[in-house]
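Okay, so the sequence shown: first residue is 1 according to the UniProt record's numbering, each after it adds one.
One should not assume that every hint holds.
Simulated pairs of lysine to aspartate or glutamate, DMTMM-like, Cα-Cα distance not exceeding 20 Å [as the list claims (entries may be wrong)]: (1) Lys112 <-> Glu65; (2) Lys113 <-> Glu72; (3) Lys185 <-> Glu72.
The following label-pair restraints were derived from C-beta to C-beta distances [stated by the list, open to error]: (4) Leu217 <-> Phe78: 30 to 38 Å; (5) Val42 <-> Leu144: 44 to 52 Å; (6) Lys185 <-> Arg87: 24 to 32 Å; (7) Leu216 <-> Asn115: 27 to 35 Å; (8) Leu161 <-> Glu54: 35 to 43 Å; (9) Leu170 <-> Leu199: 18 to 26 Å; (10) Cys125 <-> Phe85: 23 to 31 Å; (11) Tyr172 <-> Phe34: 19 to 27 Å; (12) Leu144 <-> Tyr200: 15 to 23 Å; (13) Phe138 <-> Leu184: 30 to 38 Å; (14) Phe78 <-> Ala213: 43 to 51 Å; (15) Lys185 <-> Val158: 40 to 48 Å; (16) Val143 <-> Thr70: 41 to 49 Å.
Keep in mind that the hints were calculated from the coordinates and are not lab data. From the three backbone atoms N, C-alpha and C, an ideal C-beta is built for every residue, glycine too.
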Amino acid sequence: MKVGAVQERWHPDAEEHLAALASGVRAAVLHGAFSVYQTDSVREAGGWPDMIGEDITLTWALLAEGRTVTFEATAVAFTAVPTQFRRFVRQRSRWARGMIEGLGAYGWPLLKKHNIASHGIAINCLFPWVDLCYTFAFLPGLVLACFGNFAIVGPLTVAVLPLNILLSWLMYRLQRGVYEEMRLKVRENRWGFVGYLLLYQPIMSPIAVSGYAQKLLRRPRRW
Numbered sequence: 001m002k003v004g005a006v007q008e009r010w011h012p013d014a015e016e017h018l019a020a021l022a023s024g025v026r027a028a029v030l031h032g033a034f035s036v037y038q039t040d041s042v043r044e045a046g047g048w049p050d051m052i053g054e055d056i057t058l059t060w061a062l063l064a065e066g067r068t069v070t071f072e073a074t075a076v077a078f079t080a081v082p083t084q085f086r087r088f089v090r091q092r093s094r095w096a097r098g099m100i101e102g103l104g105a106y107g108w109p110l111l112k113k114h115n116i117a118s119h120g121i122a123i124n125c126l127f128p129w130v131d132l133c134y135t136f137a138f139l140p141g142l143v144l145a146c147f148g149n150f151a152i153v154g155p156l157t158v159a160v161l162p163l164n165i166l167l168s169w170l171m172y173r174l175q176r177g178v179y180e181e182m183r184l185k186v187r188e189n190r191w192g193f194v195g196y197l198l199l200y201q202p203i204m205s206p207i208a209v210s211g212y213a214q215k216l217l218r219r220p221r222r223w
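Using the sequences and the hints, build the whole thing.
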């Protein structure tokens, strides 16, 4: 019995690279912009959970029961992109909170399975720590470096840029191949790509941290 899921972008950089891996092995550990579930499978998994990240939690519940979730690259769907920064912050912090809820419910059972799904869950477990380090160590270190203090961030930091560019280019090529197969046009925006490389992570990590904090502080859920 199989359940199909479609993956578009969710988490900065690393989540997209995981989607590329998923497209190669025909497996998915993530929810997507558009997902198709078998009704009987959803019912047997307990139905839709009362969580802000109900889609990712349901996907992990199915994986915990040993069901197969497949990734279909050519089933293209796009998320609704907020036109206001405030709504963008609310959306992305909500997604981060949803991931924490899913990990709390099914993270450990999936990690113990030692399969492709457990590797994906392990990567998700790293995201909060990466976001915390980036927000409270790297970004302040970057500010200090601007004033000549290289205690945290130094000239060698730029050595990671080629890797980031390579991974982003790889994702672009993979997605472009899918678009060409479906006769969809990829709009080229070189300056937008540069802005994405330089600014997306500094914006996204603090937003994700705010989502984690909302969960830990048990703040009211907002959609």
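Outcome of the hint check:
For a cut-off of 20 Å, the pair hint linking lysine 112 to glutamate 65 stands: about 13 Å separates their Cα positions. With a C-alpha separation of about 23 Å, the suggested pair lysine 113 and glutamate 72 falls outside the 20 Å cut-off, and the hint is violated. A threshold of 20 Å between alpha carbons decides the hint, and for lysine 185 with glutamate 72 the separation of about 19 Å falls inside it, so the pair holds. Between leucine 217 and phenylalanine 78 the CB atoms are about 32 Å apart, so this pair conforms to the stated range of 30 to 38 Å.
For the pair valine 42 and leucine 144, the beta carbons lie near 50 Å from each other, so the given range of 44 to 52 Å is met. With their beta carbons about 27 Å apart, lysine 185 and arginine 87 fall inside the hinted range of 24 to 32 Å. The beta-carbon spacing between leucine 216 and asparagine 115, approximately 29 Å, falls within the hinted interval of 27 to 35 Å. Distance hint for leucine 161 and glutamate 54: a CB-CB separation of about 37 Å, consistent with the stated range 35 to 43 Å.
Judged by the Cβ atoms, the range 18 to 26 Å given for leucine 170 and leucine 199 holds: they are separated by roughly 20 Å. For cysteine 125 and phenylalanine 85, the Cβ-Cβ distance of about 29 Å falls inside the hinted range of 23 to 31 Å, so the restraint holds. A hinted range of 19 to 27 Å holds for the C-beta pair tyrosine 172 and phenylalanine 34, which are about 21 Å apart. The hinted range of 15 to 23 Å is satisfied by leucine 144 and tyrosine 200, whose Cβ atoms lie roughly 22 Å apart.
For phenylalanine 138 paired with leucine 184, a C-beta distance near 36 Å keeps the hint of 30 to 38 Å intact. The supplied range of 43 to 51 Å is broken by phenylalanine 78 and alanine 213, whose beta-carbon atoms lie about 29 Å from each other. For lysine 185 paired with valine 158, a C-beta distance near 33 Å fails the hint of 40 to 48 Å. Taking the beta carbon of each, valine 143 and threonine 70 are about 44 Å apart, inside 41 to 49 Å as hinted.
Hint compliance for this structure: hints 2, 14, 15 are broken, all remaining hints hold.
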